[in-house]
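> Residue numbers (our numbering), protein chains in the order written: chain A, 1 to 83; chain B, 84 to 552.
These are calculated hints, taken from the structure and not from any lab test. Misleading hints may appear alongside valid ones.
Said to hold, decoys possible - Pair ranges (Cβ atoms, derived):
id : chain 1 : residue 1 : chain 2 : residue 2 : range
1  : B       : ASN98     : A       : ASP46     : 46 to 54 Å
2  : B       : TYR136    : A       : ASN29     : 53 to 61 Å
3  : A       : THR74     : B       : GLY165    : 17 to 25 Å
4  : B       : ASN177    : A       : ASP13     : 20 to 28 Å
5  : A       : GLN6      : B       : TYR136    : 36 to 44 Å
6  : A       : LYS61     : B       : GLU433    : 31 to 39 Å
7  : A       : PRO58     : B       : LYS176    : 36 to 44 Å
Heads up, the beta-carbon is just placed ideally off N, CA and C, and yes, glycines get one too.
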Amino acid sequence: MDKLQQLSNIRADEVNISKITDFFETIKNVKDIDTEGAEDHIVKSDNLREDVVHNCDPEEKALIMENFPAQQGTYLVVPKVIQ
Amino acid sequence: MSQSTIQDIQNKLNNREITCVQLVQEKIEALNASTKNANNTILAEQALKKAKYYDKKLAAGEKLTGLEGIPFGVKDVYLLKGTISTASSNILKNYKSPYTATAIQKLIDAGAIPVCKENCDQFGHGSTNENSIFGATKNAHDDSKVAGGSSGGSAVNVAQGNTIFSVGGDTGGSIRQPAGYNKVFGLKPTYGRVSRYGLMAYTSSSDCVGPFANSVKDIATTLNVMSGKDGKDQTTVVSNAIDVDSFSTEIKPGTKIGVYKSFIEHPSLEPSIKASFNTLIEQLQSKGIEVSELDFFDGDTLTATYYIIALAETASNLSRIDGIAYGNRAMDKDNLASTYLDTRGEGFSEETKRRIIAGNQVLSVGYSDEIYKKALLVRKGIEAKFAKDFEEIDFILSPTSPLLPPTIGESMKDPLAMYLSDMYTVGFSLGGLPTLSAPFNVPNNVQITAAKGKDEEILRFAYAIEQSL
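The shape of chain B in the complex, shown without the other chains (with noise of 0.2 Å):
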């Protein structure tokens, strides 16, 4: 798991161990007989086609560099010229990608070769990858449970090797929960750092493109092509190229973790995960790793913080998806009025039209300042808590998930615990901090957070971890 994937695959390439015509092939194969139902459409013609050019570069005595040759899978949530882009909706059953999301090109331009576009919850709507027209996505460990949300598809590409890396959205933690649910590493970069252009909007003020891979180099790699300021989206910054190379294997002792007392204490905490989670922190202490524990916000403050701003907004974002221009309309009706309503009701899903109406709630007359208002206000205070808490540590450590995966089938019965299980990661959302969902010997990964920023010393520390222990 420590190796990178991404080069031991380019060297296998180099020295003509295997053709990239091979390799993609295998992934095509893999991906079609794969009973996960981890992706929505699988992109055989326009993968060969690309593989059959780094074959003639490499025929032609050229080396592979970059992601040259490298499959890959993309969430279907990103608009990929010329495929389908369902967001795992009825209304976009059909809609054909005008362009290509700028994470993704990139990523293309450093020769990396999309596979499949990858099954996912409804507009990003869900913890658990069942709300989607083409069925829940299976966890890559054990059929019967989910594989987590809203980037399942993705995470489980990864954990059975279908894909090398993949690319995944995350809102409020659906990267970081699917990487715990199937035991993959799992980047929510710094809010800015990866251009959300082309990413269908769920809520702007914190959707996040990162990547899930098998080791932290390929995450660190992928990133590095991703990220940069882009003249589409307003919101990016700049940001250096992490040295992959130099990653030490050492834990450097001195480092300051934090530990939330409201995370590890909250009575909703699996005790399997609280005890190996405990002894982690152990062993980090044991390494002269120094440990404080911190106050904070309680996780039924922070879900409610973060639910409110994300139905407000997701509200407003998908108020574009009427079927006037694009997806399936509702054909034939008395007025207008009939048009949207239908379009809208037969377009979006139970758990989409929730949040949809939720967040119309929250921005109308009488809710707006009381609760909408309120929950920005709340989340200034988050901020500034996680502004205070770094002037003193490094790093906050923290489980994914209080639960183990659910069984597919329960979760969807009950959303108010759905939500509520996101309470570990949505307060990482809220104050755009950029956090890892490393595989260590946890249940459901640890998350490592760290300032504004600082992505690349979250990758270095989680490496050190990997290597150490």
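For reference, chain A alone in the conformation it holds in the complex (with noise of 0.2 Å):
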């Protein structure tokens, strides 16, 4: 199997991205970038929320549990892990 359908625990035989290639080329090609007055961070490290615990909302819970795509009277299901 493909290395990149495995990294992307995809399998997609039919997937083509051969076209997507061709921005490699251009941005490799691209020169003289000037970066002076660029913000250094979108996201920044002082905007932090309060560390205060929240208890999930029953309803939410109960959706959640809805959602799991395998269930077993109370017990979830996942595939299974070791041979």
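Fit chain to chain and form the complex, with the hints in mind.
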């Protein structure tokens, strides 16, 4: 199997990305980039919310459980990890 | 078009010319009767329940204020508690939102009534609204043409009057371009002005929440409600409320606008768009506006920079959707690896898979430094150029798209051509700049862009242009 499909965890033999790689050549050829005056970061680390615990709303919890793809009684079923 | 639809409708409700139930019923019927394929879910039961509540309020002698009683649409990438939120994908076809996105909750708290979840390109991956398990959304004005994307359903609903306003999402043009294709107003606010919490992430560093409406004032009113700092989105910023009632109908003489030569001289630009854009610029000059032609990055560089960053971020963001805790899981596979491979192989469309796989290539050894980090550096160069330009000018005006809306079925054959059609919108996304797509006398609308945080200035300018021309 193709390495990129494995990295992506997607079986996708029909997908062709060759045209996207044209962008790679374009970006490699950009010269003389002047970054003076640009902001350093979009996310600032001094912008944090208060460290307070919020309890999960019971309705939200029920909806999260309802979305679980497989259940057996009160158990949530995940794929077998150990062969 | 110039008057506030929201205000007109609320006046009718308050004057008892129409009941809220009648209003919502009328919209639900129009949404059901529409042949544009603009909606993934219609929320009739919930919406009518809310309408009854506002009718009771009116019956008790109270007046409706804010957005009370106003029906609106929601792009199907926003979570709305208890409703199915699919992102137009197979993998989330049955996914039920456990909570509501901050921006949508603020609108509901202000009294607006969600009536539908709108068709869009899968996870925002597209510029035509054809990448959807529900099929293509048709253009509001021509059934054979695309609605544009990714927020195509939202633009079409507003153009048809089936929602009073709709909430779209804009990562690289997904509000501005469909607004252009369907001739309505669409705003990509300054990055961080509106919380992204509860929006399914595509490219977190440029995803923006914004409104579609039929008037500038309705854009401002809905933006005011959605804006604000949110502890659940660390990138949100504080912003001042826009004083909608003080909008002037006069263009301020001496206003300075810039036009990018590389945009106007690009060979792909449709001649009819170029001619009418140039006419608009001349009309503005005759009103005392100063116009400068500016140098800028070419369209190919902007598109390449945007897509390389967008692919990398979407590969990372969508890695969480694997069918383990939610989403349609491929069952009874031999091993865990096959469960992942088939769940995601069957759950995502060809275009979404293309973007995830290419994104993982961009981030892999041998490409990360040369391609991804170089794109980040070019992005910084683009931001620096904007910062310099806005020291000299107030607004940049540009076409929204180089092409007229394509015929349905054409674009999916040539993804690269579709990506390149985003060349006028993606640069402003990379800069995090506010940009309005306005239905003035140019096919596909005109973009008005200002420096970060100057959303109000754009809306004031657009209102004055609309009233003056």
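> Taking 31 to 39 Å as the stated bounds, is the beta-carbon spacing between LYS61 of chain A and GLU433 of chain B within them?
holds, 36 Å
> Could you say whether the range 46 to 54 Å given as a hint is met by the Cβ separation of ASN98 of chain B and ASP46 of chain A?
holds, 50 Å
> With respect to the beta-carbon atoms only, verify the hint that GLN6 of chain A and TYR136 of chain B lie 36 to 44 Å apart.
This hint is violated: roughly 53 Å between Cβ atoms.
> ASN177 of chain B and ASP13 of chain A, beta-carbon distance inside 20 to 28 Å?
holds, 26 Å
> Between THR74 of chain A and GLY165 of chain B, does the C-beta distance stay in 17 to 25 Å?
holds, 22 Å
> Falls inside 36 to 44 Å, the C-beta gap from PRO58 of chain A to LYS176 of chain B?
At 26 Å between Cβs, range violated.
> Does the beta carbon distance between TYR136 of chain B and ASN29 of chain A stay inside 53 to 61 Å, or does it fall outside?
Cβ of TYR136 of chain B to Cβ of ASN29 of chain A: about 60 Å, so the range 53 to 61 Å holds.
Of the hints listed earlier, those the structure fails to meet are numbers 5 and 7, in rising order.
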